[in-house]
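Colleague: For reference, the chains in residue letters:
2 protein chains.
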Amino acid sequence: MRLTGISAVIFSLTMIPLAAAEDYVSEKVESEARKLIEMSLESTTGYEVVESLTTEVGARLAGSEAEARGREWGVAKFKELGFKNVRVEEFKIPYWERKFEEAEIVSPFPQKLLVTALGGSVATPVEGVEGEIVRFETLQAFKDAPMDSLEGKIVFVDEYMTRTQDGSGYGVAVQKRSGAAIEAGKRGALAALIRSVGTDTHRFPHTGQMRYADGIKQVPIAALSAPDADQLQRALKRGSVKVWLALDVESPGERTSGNVIAEIPGRTDEIVVIGGHLDSWDLGTGAVDDGAGIGITVGAAKMIMDLGKKPQRTIRVVMFGAEEVGLYGAKAYAEMHKDELSKHIVGAESDFGSGRIWRFETRFGEDKLGKAAEMQKILAPLGIAPGPNTASGGPDMIPISQMGVPVVTLKQNGWDYFDLHHTPDDTFDKIDQADMAQNVAAYAAFVWMAANMDGDFRATPAANEASE
Amino acid sequence: MRLTGISAVIFSLTMIPLAAAEDYVSEKVESEARKLIEMSLESTTGYEVVESLTTEVGARLAGSEAEARGREWGVAKFKELGFKNVRVEEFKIPYWERKFEEAEIVSPFPQKLLVTALGGSVATPVEGVEGEIVRFETLQAFKDAPMDSLEGKIVFVDEYMTRTQDGSGYGVAVQKRSGAAIEAGKRGALAALIRSVGTDTHRFPHTGQMRYADGIKQVPIAALSAPDADQLQRALKRGSVKVWLALDVESPGERTSGNVIAEIPGRTDEIVVIGGHLDSWDLGTGAVDDGAGIGITVGAAKMIMDLGKKPQRTIRVVMFGAEEVGLYGAKAYAEMHKDELSKHIVGAESDFGSGRIWRFETRFGEDKLGKAAEMQKILAPLGIAPGPNTASGGPDMIPISQMGVPVVTLKQNGWDYFDLHHTPDDTFDKIDQADMAQNVAAYAAFVWMAANMDGDFRATPAANEASE
Chain A
1 MRLTGISAVI FSLTMIPLAA AEDYVSEKVE SEARKLIEMS LESTTGYEVV
51 ESLTTEVGAR LAGSEAEARG REWGVAKFKE LGFKNVRVEE FKIPYWERKF
101 EEAEIVSPFP QKLLVTALGG SVATPVEGVE GEIVRFETLQ AFKDAPMDSL
151 EGKIVFVDEY MTRTQDGSGY GVAVQKRSGA AIEAGKRGAL AALIRSVGTD
201 THRFPHTGQM RYADGIKQVP IAALSAPDAD QLQRALKRGS VKVWLALDVE
251 SPGERTSGNV IAEIPGRTDE IVVIGGHLDS WDLGTGAVDD GAGIGITVGA
301 AKMIMDLGKK PQRTIRVVMF GAEEVGLYGA KAYAEMHKDE LSKHIVGAES
351 DFGSGRIWRF ETRFGEDKLG KAAEMQKILA PLGIAPGPNT ASGGPDMIPI
401 SQMGVPVVTL KQNGWDYFDL HHTPDDTFDK IDQADMAQNV AAYAAFVWMA
451 ANMDGDFRAT PAANEASE
Chain B
1 MRLTGISAVI FSLTMIPLAA AEDYVSEKVE SEARKLIEMS LESTTGYEVV
51 ESLTTEVGAR LAGSEAEARG REWGVAKFKE LGFKNVRVEE FKIPYWERKF
101 EEAEIVSPFP QKLLVTALGG SVATPVEGVE GEIVRFETLQ AFKDAPMDSL
151 EGKIVFVDEY MTRTQDGSGY GVAVQKRSGA AIEAGKRGAL AALIRSVGTD
201 THRFPHTGQM RYADGIKQVP IAALSAPDAD QLQRALKRGS VKVWLALDVE
251 SPGERTSGNV IAEIPGRTDE IVVIGGHLDS WDLGTGAVDD GAGIGITVGA
301 AKMIMDLGKK PQRTIRVVMF GAEEVGLYGA KAYAEMHKDE LSKHIVGAES
351 DFGSGRIWRF ETRFGEDKLG KAAEMQKILA PLGIAPGPNT ASGGPDMIPI
401 SQMGVPVVTL KQNGWDYFDL HHTPDDTFDK IDQADMAQNV AAYAAFVWMA
451 ANMDGDFRAT PAANEASE
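Line by line, the protein sequences are chains A and B.
Under my numbering, the first residue of the first sequence is numbered 1, with each subsequent residue one higher.
Under my numbering, the first residue of the second sequence is numbered 1, with each subsequent residue one higher.
Chain A with its partners taken away, still in its complex shape:
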């Protein structure tokens, strides 16, 4: 059922006409959804939730005491807003924390470089490492280069990220964040530096999780801000450049993280699940990543409570823990709730900042796409276009999506998202109140429709066979 990119595009083009004849959302539910949109656009609840989280907790590194305070905040916030069945589901994660990071061009032009360790990186020796820079234009160029020894050298992968509305530039650029240390390790390099995975031109290095591979030397890795990567590139145009890098990190073993869960109970045991992730990287206060997602989904559910009508299905809101460091909360949720996943009608996570939603994407059974079209029609006045049937549902939906739960992505405009993503600059002032309200409106309407429509979004076996 996983469509390829091309077939998805073809399908999305034919989706609307196919659906036009049907009428899946009752007039009553449709009118309630429109009312929710109206209420949400006048509400500041979502915005205030982000303000509260980012101010009263601040940065929330996975597994840290701050993340634990975030869970306390989440429980209190859910209760304050009137949610039911508020609880924390704990799990363990490997903990990693940055302690110190510094870099310098040693020669020929001594000066500081602004760097940040990637999440999961090992430390350098305490005195740092010093080596000649070997630059590669892209990760692919690095992979394609002869397997010569880079002993005593520091690798610099200078790959740029493309700014896009849909965030597709990230998928390409993030491979260098995941893969550069492995390639450097294969060649025995001292350390690796990457141009930050980001689209801004400010002096903020972007952090983010990296990976090592079994049996390959673990080399320390850090990101340079874009201006520092430019500087290193300019220095290299003049000849050989030596850099000193010192990273100190702490990996003391396991720590507790957890998902904070709350509900608006419905009349059945079926579940519509939405949420965002509670953890953030340590550098900023996690406003766009992912305070916004928390604010949007909590805000939308609050609108539904304010509507004063009991939904058919239970609406569950999850603040996932430890997303940034490897989807630990998502995996724990899928494991802990595996017996009720067949009752999960649909899921959606908001984890792409606070930009306006411009497209309604689904991953439904193909015979259920008429329902997607029906929902999109209600969302259209918010400026939301129909989208393909290849939605991920957001990072924390991936495990349950892989286990068969239909998902939607209310796709946000990510044009500016990677200017802030994983930097110190991810702070509350970057959130636009009107954009937040549009997001809340779309989620509230979508959730209300999903919770009150007849039937589900899974492919029916017969219809599925017929369409294949």
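No lab work stands behind these hints: they were computed from the structure.
Treat the hints with caution; some may be incorrect.
Distance ranges between label pairs, derived from CB positions [said to hold, decoys possible]:
hint, chain 1, residue 1, chain 2, residue 2, range
1, B, 65, A, 164, 29 to 35 Å
2, A, 433, B, 151, 37 to 43 Å
3, B, 217, A, 84, 55 to 61 Å
4, A, 144, B, 72, 38 to 44 Å
We treat Cβ as the ideally placed atom computed from N, Cα and C, and that holds for glycine.
With chain A's structure known, arrange chain B on it following the hints.
Modeller: Showing chain B alone in chain A's frame:
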């Protein structure tokens, strides 16, 4: 002769008609000036000079080894470009250097705050200081508050800076940077924090020189980035807030700084002096402040050399040292050259970034304003309007202006300047090549006219009497 603001405006309105009848610039010089504009707009020399300085030297804190490397760079660059009489004029300055800076909200919401020590601040004790925050909306509100003891407290002056084209917001906002530590000292506070003197919303605290006053307790002072000031403000809205601040600085006494000077010799011993300042703050690489000014003035003089004609008057280009920490280079220049200041026909410093020049301001004898109008007419096609006769000439011109040397300010658009000013984000990528070329063109044309016009810009005693 120092006009007040209002009389200057009135004067500037009447300047053009008065001047229209005269013709101070010969047709030959006018045509050469136009040729220089044409050449400059096609040249990248000024831009390349900034690239070279910011890459090959980087940050250049006054009195540091990096500033000394900057002087070596300056000498080499002047020689490479064909300037004559290249030399360094050294002087001593009190040295100050930042070592360490960190701050945290201790309670009720533990989290980091991003701060930077202001230049000249004393250190805190090594364990830092911790105290309750007392916030003042503005420096004036702080001054106006009852002289109650603030022992054990940390003062927070949360004054905003207004974004303006002409930089006038800085004059107001910078008073808090100069004055907050003195007011805090009078009341015995532990430390002082200010909202950065800046117009951006990024997580960069802005440094800059502060002052103490004799006989008043010296309290350590740091700037918060705008998002951190916002955060502290939000926390304070919820009640009492405790902050911990640790600053370490080094003030080991005197160090050497210097002005780097070069010339295009003329036929007379009269001098037209232009320049920028070579030192920068330590956080960025000093691209807009003031690599740009170095690039613009060196680039303009290079255009004149490329014209291949010997000027009447000598054109002198000065890279001033130690501007940021108290105009030491400017004062040293005035002192070392006091005997030839009567031969200084006019001076101009470029020290306001790389934005386009939009106004031609002078401080000439009132009877010489026809000459200003004539020059402005030649500059007008670059989008440069006539300005008032109250120019400062730029910070490093103040001492010689006060000693009677006429000055001009080729006023740049400073709309974005204070987004970058004194932050780590002041890097080469922020410089626009076309804007630089417009600046170089205006300087080249102005300098050529000033160096080749008959007569000077000082008030003639008789005319002066008549006009008063």
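Colleague: Take the hints in turn and mark each one as holding or not.
Modeller: Consistency of the hints with the structure:
no. : hint                      : verdict
1   : B:65 - A:164: 29 to 35 Å  : violated (44 Å)
2   : A:433 - B:151: 37 to 43 Å : holds (40 Å)
3   : B:217 - A:84: 55 to 61 Å  : holds (57 Å)
4   : A:144 - B:72: 38 to 44 Å  : holds (41 Å)
The structure fails hint 1 only (numbered hints given earlier).
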